[in-house]
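S.K.: Under the working numbering, read the sequence shown as residues 247 to 517, first letter to last.
Honestly, the hints are just simulated from the structure, not real lab data. Keep in mind that a hint or two might mislead.
[Stated by the list, open to error] With a Cα cut of at most 25 Å, we get these calculated DMTMM-like pairs of lysine to aspartate or glutamate:
| # | residue 1 | residue 2 |
| --- | --- | --- |
| 1 | K338 | E284 |
| 2 | K401 | E284 |
| 3 | K346 | E424 |
| 4 | K346 | D330 |
| 5 | K338 | E424 |
| 6 | K338 | D366 |
| 7 | K401 | E318 |
| 8 | K338 | E392 |
| 9 | K346 | E316 |
| 10 | K346 | E392 |
| 11 | K346 | E407 |
| 12 | K401 | E424 |
| 13 | K346 | E379 |
| 14 | K338 | D353 |
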Amino acid sequence: MRFINLFLGRAARYWLAGCLAVGIWAIASPAQAFDNPELLPDEPTVVVDLARILTSAQEDYLNQHLPEFESETGWKLRVLTQFDQTPGRAVKDFWGLDDKSVMVVADPRGGNLLSFSVGDAVFPLLPRTFWIELQTRFGNQFFVREYGEDGSVLKSLSALETCLSRGGCAVVPGLPREQWILTLITSVLGGVICGFAAHPRRAGQVVAWQWVLIFSPLWGILFIAFGLGPVVTRTPDLLPVIRNVAGFAIGALVAFLTPAFGPPPTNEELP
């Protein structure tokens with residue numbers, strides 16, 4: 247009986263707390279999205295630089311160039327930088343953002359400088375993976391430290407202009423040196439595996455082609471998918487392709503000619 251009374255007492259307290267929460271929610275004013283239009287300038291502009299990231303020359307260039315790009319292609323690019331204050335949703339009406347608009351937002355307070363507000367008509371041309379790569383390449387702290395916050399904004403705008411002008415991109419154009427070095431390493435590693443697999447396994451055999459084919463999924467992924475794929479999809483320059491092919495060939499040749507990579511000697515070969 248005491249247990250029943252204790253249970254009913256707890257139930258009553260929970261019920262009372264729930265009623266109180268519902269009552270507070272009912273009388274509270276509805277939540278409103280943040281909107282601060284007084285931070286926006288009075289004159290028309292395509293750049294709102296509240297964080298003072300861009301120089302006057304850069305801002306003048308963008309105010310001239312981005313409207314020209316919009317008139318030529320129909321795509322609307324806008325730039326908002328903010329730090330401790332933001333205009334919020336007021337920029338949508340200020341710039342008339344629609345499905346063919348992209349707003350680049352630079353905010354130094356976060357771990358990554360860049361974020362993007364993208365219209366629905368842009369996603370068929372630039373998929374979500376493109377935006378992730380664009381943010382991580384130009385908005386990371388290492389890039390910002392080397393090129394500056396203004397360089398990060400301008401580089402991202404340049405990549406957007408290039409891709410929107412050509413009718414879309416699956417990846418961000420351009421091949422950073424760090425990424426090319428990674429593709430070169432995977433190409434050399436693929437060559438080493440291919441050279442190891444090509445070692446002759448029996449007398450009179452010059453190249454063990456069957457083992458090369460067996461190991462082809464491994465060295466093929468390293469060389470073609472990770473070595474050449476990121477290069478040819480990001481730049482038309484042939485020099486990094488030639489270097490990666492040469493790295494694959496040198497790795498395969500070294501592994502093929504190195505006795506340590508060969509099979510153990512048979513009894514007939516032992517003295």
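S.K.: Confirm or reject each hint.
M.R.: Hints versus structure:
1. For the suggested pair K338 and E284, the alpha carbons sit about 14 Å apart, so the restraint of at most 25 Å is met.
2. Straight-line distance between C-alpha atoms of K401 and E284 comes to about 29 Å, which puts the hinted pair past the 25 Å bound.
3. A hinted pair counts as satisfied when its Cα atoms are at most 25 Å apart, and K346 with E424 does not qualify at roughly 33 Å.
4. The straight-line distance between the Cα atoms of K346 and D330 is roughly 28 Å, outside the 25 Å bound, and the hint therefore fails.
5. Distance restraint check for K338 and E424: the Cα-Cα separation of roughly 37 Å exceeds the 25 Å cut-off, and the hinted pair is therefore not satisfied.
6. Proposed proximity of K338 and D366 is supported: the alpha carbons are some 14 Å apart, at most 25 Å.
7. Taking the CA atoms of K401 and E318, the gap is about 20 Å. The hint holds against a cut of 25 Å.
8. Under the criterion of a C-alpha separation no larger than 25 Å, the hint pairing K338 with E392 is inconsistent with the structure, at around 32 Å.
9. Note on K346 and E316: the hinted pairing holds, with a Cα-Cα distance of about 10 Å set against a maximum of 25 Å.
10. Proposed proximity of K346 and E392 is contradicted: the alpha carbons are some 32 Å apart, above 25 Å.
11. Proposed proximity of K346 and E407 is supported: the alpha carbons are some 13 Å apart, at most 25 Å.
12. With a C-alpha separation of about 17 Å, the suggested pair K401 and E424 falls inside the 25 Å cut-off, and the hint holds.
13. Between K346 and E379, the direct Cα distance comes to roughly 20 Å. Compliance with the 25 Å bound is thereby established for this hinted pair.
14. Proximity of K338 to D353 is assessed by CA-CA distance (about 18 Å); at most 25 Å being required, the pair is judged to hold.
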